[in-house]
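Mind docking chain B on chain A? Use the hints.
2 protein chains.
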Amino acid sequence: MNSSSLSPSILSKLASIVGAEFVLTSNEDRICYAYDGQRVEYLPDAVVRPADAEEISRIMILANDEHFPVVPRGGGTGLSGGSVASSGGIVLDLTRMNRIKEIDLGNLHMVVEPGVITAAIVAEAEKNNLLYPPDPGSVKVSTIGGNVAENAGGLRAGKYGVTRNYLMQLSAIAPTGEHFRSGARTRKCVAGYDLVSLMCGSEGTLGVVTEIALRLVPLPKFRRSMVATFADASTAGCAVSNIMAAGLIPATLEIIDNFTLRTIEDYAHLGLPVDAGALVLAEFDGLAESAVDEEGETGNRVLLESGASGVEFAKDAAERDKIWQARRVALAALSRAKPTSILEDVTVPLPKLSDMIARVERIGRENGIAIGTFGHAGDGNLHPTILTNERDEDEMKRVEVAVSQLIDAALELGGTVSGEHGIGFCKAPFLPREVGVESIEVMQRIKRAMDPNNILNPGKFV
Amino acid sequence: MNSSSLSPSILSKLASIVGAEFVLTSNEDRICYAYDGQRVEYLPDAVVRPADAEEISRIMILANDEHFPVVPRGGGTGLSGGSVASSGGIVLDLTRMNRIKEIDLGNLHMVVEPGVITAAIVAEAEKNNLLYPPDPGSVKVSTIGGNVAENAGGLRAGKYGVTRNYLMQLSAIAPTGEHFRSGARTRKCVAGYDLVSLMCGSEGTLGVVTEIALRLVPLPKFRRSMVATFADASTAGCAVSNIMAAGLIPATLEIIDNFTLRTIEDYAHLGLPVDAGALVLAEFDGLAESAVDEEGETGNRVLLESGASGVEFAKDAAERDKIWQARRVALAALSRAKPTSILEDVTVPLPKLSDMIARVERIGRENGIAIGTFGHAGDGNLHPTILTNERDEDEMKRVEVAVSQLIDAALELGGTVSGEHGIGFCKAPFLPREVGVESIEVMQRIKRAMDPNNILNPGKFV
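Chain order of the listed sequences is A and B. Counting in the working numbering, the first sequence runs from 97 upward without gaps. Counting in the working numbering, the second sequence runs from 97 upward without gaps.
Don't read these hints as lab results, they were simulated from the structure. One thing to keep in mind: the hints can contain errors.
Which copy is meant is left open, so a pair is good if it fits within one copy or across any two.
[Unchecked claim] Mimicking BS3-like on lysine-lysine, the simulated pairs with C-alpha atoms at most 30 Å apart in a straight line are: (1) LYS411 to LYS223; (2) LYS236 to LYS223; (3) LYS255 to LYS197; (4) LYS236 to LYS411.
Chain A extracted, bound-state conformation (with noise of 0.2 Å):
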């Protein structure tokens, strides 16, 4: 059934530049388009396939004459409804686009389509003994152009920072149809615009993505995991904090709250302490191995004299598994406990962690709803996850004030308003917020002038 609400014209169009088969118009197509990992729907016309550069080319040309808005998308995990078509048009599906095209051993990187799953990056640059560094919860299925997107953070970028901080160089199609690229192969670069951090986190509304160049740094030889638990969150905050001041680099060090500790456990059964108020779940890696083990000692002495009621240390690769497959479950446990889930993604300076844990307690029990909180304690990067039922319009209220509330304690704590998922249309409405309006203004005129006819993903933030 062709349901879409362009005219069969620009159908026609479009099916003549990437083949008749890559271009969807059934409902039943169309809705596995139509929403992100955070499921507000919007149905798109129509979704398109493209193989390659030159075909993105020409339906932004087409877009442009035609005047139907672009949405490009990856593998739709999103958490910000960044690659939703809210404003209607075509969903433009990267996901033909998923070629490894080089590796370099020598210079340290790697080349790929916009379409490649992150984890195939991980595996291809660990078969090489080399790390890609950004860890995405949903690394198993979001793809490359996708994280470019969103700057996708995740669990090791204390240490290693987030996807912005690999990009060598970026090829890209305006919104208007040309080719443009920017950055270099090297390890600096400083030609003009850097043009690659600003499409990095653009989230699709400056171009679109054909073509990355990625940094690859050596595979770290040797890991420490160790599981600390606490009395209560806000205790488990400061030793997050102590652990930073100490002057220690954690490759990764995560929070889970008793609320969402009992809930992975419910769901995975792994043999969790649920009775902790908060675990700490921390890891050291590093190149030499009396080095990570000093690392893991330290962090051990600092986490005891935080207050930890005990440190455990990962015996083997199975209990370090352990380890990590509890915090990777943890949106997927909250988001099964309850209809609705609402992940939020505050961030604070280091030292306000603390605070902020405790202000999210207050938020939940003062609203009378229920949140659980994880993140990746180590950057700042709270994850309070709101459980609900959309149907259940006297509690939506209050969630939405609890919201608000989250996001004005972050904001007074001296954070933002998104740590890692972006802002898409579900956050745009508190950018004012944190960097004001001339800030916003500023961003706007980039966006006109590279987008006259707003036709790349309409509607979002900017």
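Just chain B now, with coordinates in the frame of chain A:
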């Protein structure tokens, strides 16, 4: 003597904004602001020295009303003409804005004004057992605002990255006078377009940075420094690639060719091995002594296996300082050897480093000109420095050919025209060769959107 070509009315309005004593119009004063580290001269019409963001905003609004150029300037140590008033107008001297406003030992950040000398930031961090890693050669005289404008690199970039990697948050004045802010004082932030990275490296063409929040890291506790001697620079270049391919991450990895080595020795009398074809200087650092020792030993082994005729470790801090002193005076020594020195900044992928060194030697030989080569070899970043005399017209023609050939060689080898010195007006003609005209067009769209009257630092690369 007032010889400004700005009208008395404009000069009087400027004086009413910043105070008459902070508007300089005498030839003596203006000459001091007429050049940068590369020494091409353009006399500004006046020098204006604002005290704060509000004054800068009012200056920008006046410049838009009266249509005169505004060229922001810090220490004037740039090497590509980024802070020179090549189209006339006023130089906006930011060195009065030189306060360190805050250091946060829990969140590991420092908040500074743009006119703070980079070395003062490093010193303040070290006092608190922290490190601000970017380390441009001009660290003792350059300002942090200039470092941001050029995205300065320096000696520690291979392991620690460049200026951009340490920017948490910027406040700035738009070319049209608005105050705007981007980034957050958190370890992650994806709140809209990354205006922090867009401003970084934009050479004062998109806004005037008025406040900078810098990320700091724990100060490494241990260091191992060494010097390796090689029969020729090309072999030394191979050794550098081998170090990186061995999975080592030196804090610093520098190369000095024989010509530069002899020039340094003539200048500084450090007792250097002037018969060596080239030196490689390496330093490993870290938080654990055993790990640093292990990296140093592996580095030593790789250097010897790669053909070093000898490797000497620095036995103490004094020996270590001597090694780095040799590298730090390279440019000063070369600059004094002949009336004119032209410093290049070509950067190639690491496996091409040895090829690039061989090409530099051939280009010097074939054009009959003297080129000393040194640079941040671990980043693939070389500074071939042409020694000449600008009054020798015939030689200058050959120099021009050689510069163009150097740039083509870097691009042919997959590199960039500028690793860390920026484009300014000196390298503007070469930029399209690297990024293509469509990327330049995208940059120009952004410039026009932010600066419709082309007031801010006109005539530079964009």
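To see whether the hints hold, each was checked on the structure:
1. LYS411 to LYS223: Within one copy only: 24 Å inside a chain, 39 Å across chains, cut-off 30 Å.
2. LYS236 to LYS223: within (17 Å within a copy, 44 Å between copies)
3. LYS255 to LYS197: both (28 Å within a copy, 26 Å between copies)
4. LYS236 to LYS411: Classified as within: same-chain Cα gap 26 Å, cross-chain 49 Å, threshold 30 Å.
Hint check: no violations occur; every hint is consistent with the structure.
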